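S.K.: Chain residues, written in single-letter form:
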Amino acid sequence: MAKIILVTGGARSGKSTFAEKLALKIGNGKATYIATAQIFDSEMAERVKLHQSRRTDAWTNFEAPFDADKIIAEIDAEVILFDCVTIYLSNWLCAKNLEDKNLAADFENFIERLIKAAEKSCATIIFVSNEVGAGIVPENKLARVFRDFAGLANQRIAAAADKVFLAVAGFAVDIKSFAERI
Amino acid sequence: MAKIILVTGGARSGKSTFAEKLALKIGNGKATYIATAQIFDSEMAERVKLHQSRRTDAWTNFEAPFDADKIIAEIDAEVILFDCVTIYLSNWLCAKNLEDKNLAADFENFIERLIKAAEKSCATIIFVSNEVGAGIVPENKLARVFRDFAGLANQRIAAAADKVFLAVAGFAVDIKSFAERI
Amino acid sequence: MAKIILVTGGARSGKSTFAEKLALKIGNGKATYIATAQIFDSEMAERVKLHQSRRTDAWTNFEAPFDADKIIAEIDAEVILFDCVTIYLSNWLCAKNLEDKNLAADFENFIERLIKAAEKSCATIIFVSNEVGAGIVPENKLARVFRDFAGLANQRIAAAADKVFLAVAGFAVDIKSFAERI
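Chains as they are written, first to last, in the numbering used here: chain A, 4 to 185; chain B, 4 to 185; chain C, 4 to 185.
Isolated chain A, as found in the complex (with noise of 0.2 Å):
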């Protein structure tokens, strides 16, 4: 069984400089990288430079903005960084219809497959994710629906996840360890 990894963080909260530390640390200085971003315009892919040039030859790299699942279960590597799930959900609710009443199963469906994907990987597999919930509520329906399911997920995510990290202004705060247990 895989050991699942979840670190989630506010924007430019370091989770994936920590991530990706923790990565090369457990792969002995080897990692494989899936990115999930789509380049639409310019400031993404200022982003994706911007990650891109934190990450030398240490990183095999794989794209997988759609059926992650599937690139995960063909991947053979000690340690997969998957960054980041909010990317991954946004890439799948954006073909999605806002009003199928089958949204919600759907939605269940879609990240039970990436975690089942997880757990029969023989990697350790670090889930890079992002705290959106925390403003006020939005206005716009997508980004509502979007928020709900970016926190559904990353409660999924970390209820199946070894450990759980979240980052705060570049230091990463064992979560799990100091939960309440009910």
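The hints are simulated quantities; they were obtained by calculation from the structure and are not laboratory data. Remember, it's a predicted structure, so these values are computed and weren't measured experimentally. Watch out, some of these pointers could steer you wrong.
All copies of an identical chain are treated as equivalent in the list; a pair is satisfied when it fits inside any one copy or across any two copies.
[Claimed, not checked] Listed below are the simulated SDA-like cross-link pairs for lysine to any residue, each with C-alpha atoms no more than 25 Å apart in a straight line:
1) K24 x E183
2) K24 x C97
3) K104 x E183
4) K52 x K119
5) K52 x L145
6) K99 x C125
7) K52 x D103
Given chain A's structure and the hints, the job is docking chains B and C onto it.
M.R.: Chains B and C in isolation, oriented as in the chain A frame:
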């Protein structure tokens, strides 16, 4: 004196689920629920239905979109779950004039009445609340006033509480135990 | 070498109140305050007045919406409270062109000057900052750039700090002590 517990967290951080389990544990499988939502639209109706579907006949249910202090005073129960402070605050704020010079004082009064009622009750009272202040400053004045009052409400209740939990990705971290005392 | 402390948190999480108490405790009842706000409107004036009303003559007050590094260098004090990093950043960013290719490098320079000034000071310096990155991605580009820089500013200061606190509902959790070190 009642035992007061605050469970706060972002949207879909698992705070209601945690608070419900905690209430049933404290009440040995029985608890009283105070709902605060007014149902205006189908989206809110869906959300309320989801919350209700999790609550079996282990629960005695009350509704208190307004004047919850009076309802708390009348309830004879071992454990009360109040879900949630931010909706209750929002019901109150929407009936107010944002330009009223007494608004801040009125708010302190409003939140004090709720806390005093909780303190006088014989029940253990679990307040569920939301973290709404960790995003960008909202452009809308109502949203700014709301997030200020929501943060203050959480501070006031936390100060009166025996335990304060922050829910992150389904895990509830005991904030008060780990906080610096000065 | 100065002792540096970062207190971050969402709006109305109690970070300023905590930081003020901490400053007065370290300074045995006396401390120096560096305010960063420029007052443009009545809402900001109200907020500043509220902050000032909490500060008695135990405080020596300075204003530094810009070039705080020079002001820090000139202050001879045991303890300085800098409130807050995000307003100071906002003052700086509003005078910039978002399309400037040197913006990221300029930012690093700007924040490094502040940290170097703090390190050179003989005072213990407490920086108050805001968590602004845990909501939905803002639609407005200025807001996106601001929240990225605010997150990075917190990371840079936290890396230089001896203590990092996250304020939640009036309680300040010592993040650095509980963080994973890799």
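S.K.: Against the earlier hints, flag every one the structure doesn't satisfy and list their numbers going up.
M.R.: 2, 3, 4 and 6
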